[in-house]
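Asks: Now for the letters of each chain:
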Amino acid sequence: MRIKINNLSLNYDSVKALDSITLDIEPGNVTCIIGPNGAGKTSLLKSIASLLKPTGGSIYLDGKDSKLYKPKELAKIISYSEAQITRSIPMKVLDFILTARYPFHDVLHYFEGGRDLEVVNDVCNELKVTHLLDRRLDEVSSGELQRIIIAAALAKRPKVLLLDEPSAYLDIRYRFEVLDHVRRYTKEYNITTVIALHDLHLTSIYCDKVVLMSGGRIVACGSPSEVLTDEAIRNVYGVEVMTIAVGNGSVIAVPKPSNLG
Amino acid sequence: MVSVSVGSTYIPLNEVYACITGLDCSSNVRYVLQYRLVRTLVALLAGGALATAGVIMQGIARNPLAEPYILGLSSTALTALSLAIIIDVNVIAHRYLFMLIAFIGALFGYFLTSILSALAGYTSNSLILSGIAVTAFFSGTSHALLYIVQDRLKFPYVHLLMGSTSVALFNDIYYLTATLAACLVITYICGIPKLLNAYLVGDDYARQLGYNLKVLITLAAFVVSILTGATVAIVGIVSFIGLAAPHISRMMLGTSDHRITTIVSSIVGSLLVVIADIGSRLLMVLTARGEFPLGVVTSIIGAPFLAYLIIVGGRK
Numbered sequence: 001m002r003i004k005i006n007n008l009s010l011n012y013d014s015v016k017a018l019d020s021i022t023l024d025i026e027p028g029n030v031t032c033i034i035g036p037n038g039a040g041k042t043s044l045l046k047s048i049a050s051l052l053k054p055t056g057g058s059i060y061l062d063g064k065d066s067k068l069y070k071p072k073e074l075a076k077i078i079s080y081s082e083a084q085i086t087r088s089i090p091m092k093v094l095d096f097i098l099t100a101r102y103p104f105h106d107v108l109h110y111f112e113g114g115r116d117l118e119v120v121n122d123v124c125n126e127l128k129v130t131h132l133l134d135r136r137l138d139e140v141s142s143g144e145l146q147r148i149i150i151a152a153a154l155a156k157r158p159k160v161l162l163l164d165e166p167s168a169y170l171d172i173r174y175r176f177e178v179l180d181h182v183r184r185y186t187k188e189y190n191i192t193t194v195i196a197l198h199d200l201h202l203t204s205i206y207c208d209k210v211v212l213m214s215g216g217r218i219v220a221c222g223s224p225s226e227v228l229t230d231e232a233i234r235n236v237y238g239v240e241v242m243t244i245a246v247g248n249g250s251v252i253a254v255p256k257p258s259n260l261g
Numbered sequence: 001m002v003s004v005s006v007g008s009t010y011i012p013l014n015e016v017y018a019c020i021t022g023l024d025c026s027s028n029v030r031y032v033l034q035y036r037l038v039r040t041l042v043a044l045l046a047g048g049a050l051a052t053a054g055v056i057m058q059g060i061a062r063n064p065l066a067e068p069y070i071l072g073l074s075s076t077a078l079t080a081l082s083l084a085i086i087i088d089v090n091v092i093a094h095r096y097l098f099m100l101i102a103f104i105g106a107l108f109g110y111f112l113t114s115i116l117s118a119l120a121g122y123t124s125n126s127l128i129l130s131g132i133a134v135t136a137f138f139s140g141t142s143h144a145l146l147y148i149v150q151d152r153l154k155f156p157y158v159h160l161l162m163g164s165t166s167v168a169l170f171n172d173i174y175y176l177t178a179t180l181a182a183c184l185v186i187t188y189i190c191g192i193p194k195l196l197n198a199y200l201v202g203d204d205y206a207r208q209l210g211y212n213l214k215v216l217i218t219l220a221a222f223v224v225s226i227l228t229g230a231t232v233a234i235v236g237i238v239s240f241i242g243l244a245a246p247h248i249s250r251m252m253l254g255t256s257d258h259r260i261t262t263i264v265s266s267i268v269g270s271l272l273v274v275i276a277d278i279g280s281r282l283l284m285v286l287t288a289r290g291e292f293p294l295g296v297v298t299s300i301i302g303a304p305f306l307a308y309l310i311i312v313g314g315r316k
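Chains as they are written, first to last, in this note's numbering: chain A, 1 to 261; chain B, 1 to 316.
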């Protein structure tokens with residue numbers, strides 16, 4: 001699904017969270033949004049998911065204004081997931097992942113059908129969380145939980161996948177595995193994936209397109225090698241870095257603390 | 001059956017069975033049975049209503065300690081009732097009006113607790129503490145109003161304060177059945193159990209599944225208030241059922257899928273209240289001191305259960 005964002009603005013009270021964002025997002029690509037805390041990454045993702053109402057501008061999904069979609073239609077198309085979830089009344093992992101299938105139910109199909117179980121089974125195998133299904137959400141580690149959250153996001157079989165910081169709690173092995181899976185899935189099903197990331201190295205490996213944001217604006221946009229330059233990162237993050245190319249276009253950004261000169 | 005046979009006059013179970021099935025029934029046995037049957041049915045229905053209110057309340061509060069009594073809904077409902085009695089004594093003759101007033105009181109309690117909790121930062125502790133503050137204030141108020149009510153008319157108002165099925169009338173069975181059935185049907189048809197499953201995880205998670213939270217959470221709060229109001233109007237304040245029943249059913253079922261726990265909680269709640277009602281009548285027989293309020297029995301059992309939950313919750 002092609003996403004076209006046209007002159008999008010969003011204000012929280014008087015603070016500008018998003019300031020005239022114009023962006024095209026292609027299907028079959030992994031698009032990463034990077035930028036310092038408060039740059040507007042989450043606001044942009046939530047706006048695409050219609051969880052936040054923009055103050056100005058519009059978002060087109062396959063040429064149709066997202067405001068014209070019914071909430072139930074959007075719920076089938078778009079998955080949005082945060083890094084963590086509330087676990088106050090802990091349910092079973094399986095029950096949680098099955099909630100992702102609710103948009104496909106109605107009053108007559110109150111409980112999960114065979115198709116729902118099949119999808120959930122496939123997704124859980126792919127993300128290696130099948131052995132956790134019988135546990136309660138408060139009995140898994142935060143890294144395991146993060147894979148469960150991504151499994152729930154994919155269990156919708158969405159056309160648009162929006163992930164907010166999917167790698168924050170993962171160890172290095174699962175960072176690669178999970179993002180690798182997301183990337184493969186994006187290519188295979190030709191879906192539109194947008195990920196908000198902090199890790200610049202992962203960004204350079206797994207993203208087709210990088211959007212660098214700062215203060216609610218898009219500062220730079222393009223392929224990882226175009227965007228991840230010493231100068232751009234210094235300007236946006238206020239940190240001196242040295243980017244080291246490690247082959248295949250992947251980049252490691254080594255920070256140089258300014259007080260050491 | 002056990003519940004029908006126990007009381008100030010013990011009627012052996014076989015006589016109860018014979019009478020209910022219409023085999024053999026002496027007139028005084030029939031009279032006692034009719035009275036106790038009403039009590040038992042009212043206890044069943046009130047328990048079901050309170051437990052359903054409890055399970056939904058815990059969901060919308062995302063807090064395993066939430067319950068209509070703890071969050072102040074029962075006390076505000078009772079205060080509304082006593083104010084109504086003081087303004088116009090005749091309201092007690094109109095049961096549906098009485099229930100409506102209690103519902104408005106409960107709804108007021110819900111919003112008051114929510115507002116207080118939001119002002120205090122909307123953490124799970126602030127919610128419970130706000131509820132305790134509201135409960136304390138309004139149970140104090142309703143106790144004070146009790147004295148005025150007692151001057152006005154000879155009404156067993158004290159039973160409402162502590163909860164009792166002894167003041168229930170035969171017609172109350174219809175009112176309670178209709179209320180409970182309607183609330184359960186609305187809850188299930190509007191998909192509230194599923195909403196709660198998703199809502200427990202987070203606001204945005206539920207919204208990206210297409211749920212309109214403002215509408216559905218308000219609807220759920222209305223259902224809780226209706227159920228609480230209806231029971232308070234008929235049996236008074238029966239505490240902790242809304243807390244214990246959802247926990248017991250979750251433990252029994254090993255799941256917190258609201259599609260199942262809602263209905264199972266209501267059954268567990270019914271049984272708990274009937275058992276508590278039998279307990280209160282047994283106490284009456286054993287101590288020979290007249291009627292023991294039902295709410296006292298549920299508090300004695302329920303409060304340690306709450307303490308247990310706090311300890312288990314605090315260790316995590």
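In case anyone wonders, no lab produced these hints; they're calculated from the structure. Just so you know, these numbers come straight off a predicted model, no measurement behind them. Any given hint could turn out to be false.
As the list claims (entries may be wrong) - Below, computed lysine to aspartate or glutamate pairings styled on EDC-like, alpha-carbon distance capped at 20 Å: (1) A:K92 x B:D203; (2) B:K214 x A:E73; (3) A:K72 x A:D106; (4) A:K53 x B:D204; (5) A:K128 x A:D138; (6) A:K159 x A:E231; (7) A:K53 x B:D88.
Unchecked claim - Covered stretches of chain B, as calculated for chain A (at least 3 residues, CB under 8 Å): (8) 35 to 46; (9) 74 to 85.
What the hints assert, rightly or not - Heads up, incomplete: computed chain A residues facing chain B, CB under 10 Å, no partners named: (10) E82; (11) I89; (12) K92; (13) D95; (14) F96; (15) D106; (16) Y110; (17) G114; (18) L117; (19) I149; (20) K159; (21) N190.
Beta carbons: idealized from backbone N, C-alpha and C, even for Gly.
Asks: Now tell me if each hint is right for this structure.
Replies: Hint check:
{"no.": "1", "hint": "A:K92 x B:D203", "result": "holds (19 Å)"}
{"no.": "2", "hint": "B:K214 x A:E73", "result": "holds (19 Å)"}
{"no.": "3", "hint": "A:K72 x A:D106", "result": "holds (11 Å)"}
{"no.": "4", "hint": "A:K53 x B:D204", "result": "holds (13 Å)"}
{"no.": "5", "hint": "A:K128 x A:D138", "result": "holds (18 Å)"}
{"no.": "6", "hint": "A:K159 x A:E231", "result": "violated (35 Å)"}
{"no.": "7", "hint": "A:K53 x B:D88", "result": "violated (49 Å)"}
{"no.": "8", "hint": "35 to 46", "result": "violated (count 0)"}
{"no.": "9", "hint": "74 to 85", "result": "violated (count 0)"}
{"no.": "10", "hint": "E82", "result": "holds (6 Å)"}
{"no.": "11", "hint": "I89", "result": "holds (5 Å)"}
{"no.": "12", "hint": "K92", "result": "holds (6 Å)"}
{"no.": "13", "hint": "D95", "result": "holds (5 Å)"}
{"no.": "14", "hint": "F96", "result": "holds (7 Å)"}
{"no.": "15", "hint": "D106", "result": "holds (9 Å)"}
{"no.": "16", "hint": "Y110", "result": "holds (7 Å)"}
{"no.": "17", "hint": "G114", "result": "violated (18 Å)"}
{"no.": "18", "hint": "L117", "result": "violated (14 Å)"}
{"no.": "19", "hint": "I149", "result": "holds (9 Å)"}
{"no.": "20", "hint": "K159", "result": "violated (13 Å)"}
{"no.": "21", "hint": "N190", "result": "violated (21 Å)"}
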